[in-house]
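With chain A fixed as given, assemble chain B onto it according to the hints.
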Amino acid sequence: MKCRKCGEKASVNMRQHKLALCKEHYLEWVPEQTARFIKKYEMFTHDEKILVAVSGGKDSLALWDILNRLGYQADGLYLGLGIDGGINYSHESQRLTEKFANEHNLKLHIVDIEKEYGQPIPGLAEISHRGYGKPCAVCGLAKRHEMNRIARDLGYDVLATGHNLDDEAAVLFGNTLSWSSEYLLRQGPVLPASDGLARKVKPLCRFYEREMTAYSLARGIEYIYEECPFAEGSQSIYYKELLNQLETKRPGAKLTFYLRFLEARKRGDLFIENNVARAHLHACPKCGQPTSTEDLCSFCRMIEKANSTQAAA
Amino acid sequence: MVKLILREKEYEVKPGMTLLSALQKINVVPESVIATREGEMILDDEILKDGDVVKLIAVISGGAGIGNRGLGIGYESRITNCDSRGRCL
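These protein sequence lines map, in sequence, to chains A and B.
Oh and the first sequence: position 312 is 314 in our numbering, straight run, nothing missing.
Oh and the second sequence: position 41 is 1316 in our numbering, straight run, nothing missing.
The shape of chain A in the complex, shown without the other chains (with noise of 0.2 Å):
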């Protein structure tokens, strides 16, 4: 398979893009593609402080690289969480984070949750009794709770995370299996700030996870390989093995789940009653079927498309 801008030999293959780029020019793309992005849902500008969420893993530090890359204000946040799981995972996760900091000559905030708190997550879902066993929940509220605490307290415009479109599909997925209608409603690329609550982004949103992955590979960050130990077997994951099977059998599918999704919400189309009167139907004026349109129905429309085209023939 061959680039498509210089005609090497590619690299990177995104059949829903019917895209293949050698790793040259997919350094170039992706950047590109993020500050169209960024532009698009208007997230921030160039004037305004940004602090990015930082996990070592892939995504986050990719967004970093790439923010640093397009010249914004992007400082770091890490948040020290006390997860071993017989990896030493929170250890291993916060050096390659500070690694990718000193490098690249950026700031970085540590922010440890044992010392700040007294105990490390799996310690405070313990006491809590929160999270089934897991925890996810505990960690998740912890996190959401710190990152807005620092970006609101450092004075920060912004706060971003390396969400991919993998985990926003994912997302979105679950909450359409249970038609989680206020948690639809609240997705997206942007989350407007509100009182005490800093404004969200996630410039990667519309990067499938496999892409971030192959950024990550093609840069050279070193990133951790291992995720949390405590993402096993979790929801997140298989619906994002579902989303995969799927995509491979349709490339695109994904992408189109997402953006659709994200029209809809924009248009204002997702669970509101107007749209109850709206999809009122009509009779067709020729055949009298009920139609959604005020005009012919769908049948009649190709039926006189397909007589008309008879008739020039």
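Honestly, the hints are just simulated from the structure, not real lab data.
Certain hints may be false.
To be verified - Quick list of in silico lysine-lysine cross-link-like pairs, DSBU-like style, CA-CA up to 35 Å:
1) B:LYS1300 x A:LYS268
2) B:LYS1330 x A:LYS7
3) B:LYS1289 x A:LYS20
4) B:LYS1284 x A:LYS109
5) A:LYS20 x B:LYS1284
6) A:LYS145 x B:LYS1330
7) A:LYS42 x A:LYS288
8) B:LYS1289 x A:LYS136
9) A:LYS307 x B:LYS1300
10) B:LYS1300 x A:LYS25
11) A:LYS101 x B:LYS1278
12) B:LYS1289 x B:LYS1324
13) B:LYS1278 x A:LYS25
14) A:LYS101 x B:LYS1300
15) B:LYS1330 x A:LYS136
16) A:LYS4 x B:LYS1330
17) A:LYS41 x A:LYS25
18) A:LYS136 x A:LYS251
19) A:LYS11 x B:LYS1300
20) B:LYS1330 x A:LYS25
21) A:LYS101 x B:LYS1330
22) A:LYS251 x B:LYS1289
23) A:LYS20 x B:LYS1330
24) A:LYS145 x B:LYS1284
25) A:LYS20 x B:LYS1278
26) A:LYS42 x A:LYS4
27) A:LYS20 x B:LYS1300
28) A:LYS41 x A:LYS4
29) A:LYS7 x B:LYS1324
30) B:LYS1289 x A:LYS101
31) A:LYS251 x B:LYS1324
Stated by the list, open to error - Derived contacts from chain A toward chain B, CB cut-off under 10 Å, selection only:
32) HIS27
33) MET214
34) ALA216
35) LEU219
36) GLU228
37) LEU248
38) LYS256
39) THR258
40) SER300
All residues carry an ideal CB built from backbone N, CA and C; glycine is no exception.
For chain B alone, coordinates are given in the frame of chain A:
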């Protein structure tokens, strides 16, 4: 033979097939991995040669060191056609 490595598991396939065919053979969803050979990313249409060692990098976040978790067609079916060493011949 061609060796494919995914986390702590190793698989063997016959040379001459494409990467895509090899992934299908070992029941790994192509969307869930990136393949590298000698440190360079390779694509689905790459013909695998005898002696190639292909490292498969899982792209889905989650699941530290978990044997059969995750990347296959189903939790149980991923190694159905392989022997106890994960070789799919």
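Evaluation of the provided hints:
Only pairs whose Cα atoms come within 35 Å are accepted, and B:LYS1300 paired with A:LYS268 is rejected, the gap being roughly 43 Å. For the hint pairing B:LYS1330 with A:LYS7, the CA-to-CA distance comes to about 27 Å; that is within 35 Å, so the pair holds. For the hint pairing B:LYS1289 with A:LYS20, the CA-to-CA distance comes to about 29 Å; that is within 35 Å, so the pair holds. Pair hint B:LYS1284 plus A:LYS109 does not hold up; C-alpha atoms about 38 Å apart against a cutoff of 35 Å.
The suggested pairing of A:LYS20 with B:LYS1284 holds, with an alpha-carbon distance near 32 Å, which does not exceed 35 Å. Note on A:LYS145 and B:LYS1330: the hinted pairing holds, with a Cα-Cα distance of about 33 Å set against a maximum of 35 Å. For a cut-off of 35 Å, the pair hint linking A:LYS42 to A:LYS288 is broken: about 43 Å separates their Cα positions. Our distance criterion of 35 Å between C-alpha atoms is broken by B:LYS1289 and A:LYS136, whose separation comes to about 42 Å.
For the suggested pair A:LYS307 and B:LYS1300, the alpha carbons sit about 48 Å apart, so the restraint of at most 35 Å is broken. Among the hinted pairs, B:LYS1300 with A:LYS25 is consistent with the structure: their alpha-carbon atoms are about 27 Å apart, no more than 35 Å. The straight-line distance between the Cα atoms of A:LYS101 and B:LYS1278 is roughly 32 Å, inside the 35 Å bound, and the hint therefore holds. Restraint check for B:LYS1289 and B:LYS1324: the C-alpha separation of about 8 Å stays at or below 35 Å, so the hint holds.
A hinted pair counts as satisfied when its Cα atoms are at most 35 Å apart, and B:LYS1278 with A:LYS25 qualifies at roughly 24 Å. Pair hint A:LYS101 plus B:LYS1300 does not hold up; C-alpha atoms about 39 Å apart against a cutoff of 35 Å. With a C-alpha separation of about 32 Å, the suggested pairing of B:LYS1330 with A:LYS136 holds against the 35 Å cut-off. Restraint check for A:LYS4 and B:LYS1330: the C-alpha separation of about 22 Å stays at or below 35 Å, so the hint holds.
Under the criterion of a C-alpha separation no larger than 35 Å, the hint pairing A:LYS41 with A:LYS25 is consistent with the structure, at around 25 Å. Simply put, A:LYS136 and A:LYS251 have alpha-carbon atoms about 34 Å apart, close enough for the 35 Å limit, and the pair holds. Distance restraint check for A:LYS11 and B:LYS1300: the Cα-Cα separation of roughly 25 Å lies within the 35 Å cut-off, and the hinted pair is therefore satisfied. For the hint pairing B:LYS1330 with A:LYS25, the CA-to-CA distance comes to about 18 Å; that is within 35 Å, so the pair holds.
Straight-line distance between C-alpha atoms of A:LYS101 and B:LYS1330 comes to about 25 Å, which keeps the hinted pair within the 35 Å bound. For the suggested pair A:LYS251 and B:LYS1289, the alpha carbons sit about 25 Å apart, so the restraint of at most 35 Å is met. For the given pair, A:LYS20 sits about 25 Å from B:LYS1330 by alpha-carbon distance, which is consistent with the 35 Å threshold. In summary, the hint linking A:LYS145 to B:LYS1284 is supported, as the alpha carbons are separated by about 33 Å, within the 35 Å threshold.
Restraint check for A:LYS20 and B:LYS1278: satisfied, since their Cα atoms lie roughly 29 Å apart, inside the 35 Å limit. Distance restraint check for A:LYS42 and A:LYS4: the Cα-Cα separation of roughly 30 Å lies within the 35 Å cut-off, and the hinted pair is therefore satisfied. Restraint check for A:LYS20 and B:LYS1300: the C-alpha separation of about 25 Å stays at or below 35 Å, so the hint holds. Proposed proximity of A:LYS41 and A:LYS4 is supported: the alpha carbons are some 30 Å apart, at most 35 Å.
For the proposed pair A:LYS7 and B:LYS1324, the alpha carbon gap of about 28 Å is at most 35 Å, so the pair holds. With a CA separation close to 40 Å, the supplied pair B:LYS1289 and A:LYS101 exceeds the 35 Å bound. For the hint linking A:LYS251 to B:LYS1324, the alpha-carbon distance of about 26 Å falls within 35 Å, and the restraint holds. For A:HIS27, the suggested interface contact is broken, since its CB lies about 13 Å from the closest CB of chain B, more than 10 Å.
Annotation: A:MET214 was flagged as interfacial toward chain B, and the flag holds, the nearest CB pair being 8 Å apart, inside 10 Å. Evaluation of the A:ALA216 hint against chain B yields a held restraint, the C-beta minimum of about 6 Å falling below 10 Å. Hint on A:LEU219 holds. Least Cβ distance to chain B is approximately 6 Å, under the 10 Å limit. Evaluation of the A:GLU228 hint against chain B yields a held restraint, the C-beta minimum of about 4 Å falling below 10 Å.
Hint on A:LEU248 holds. Least Cβ distance to chain B is approximately 9 Å, under the 10 Å limit. Because the beta carbon of A:LYS256 sits about 9 Å from the nearest beta carbon in chain B, less than 10 Å, this interface hint is met. Using the Cβ-Cβ criterion of 10 Å, the hint placing A:THR258 at the interface with chain B is not satisfied: the shortest such distance is roughly 15 Å. The beta carbon of A:SER300 comes no nearer than 34 Å to any beta carbon in chain B, farther than 10 Å, and the hint placing it at the interface is violated.
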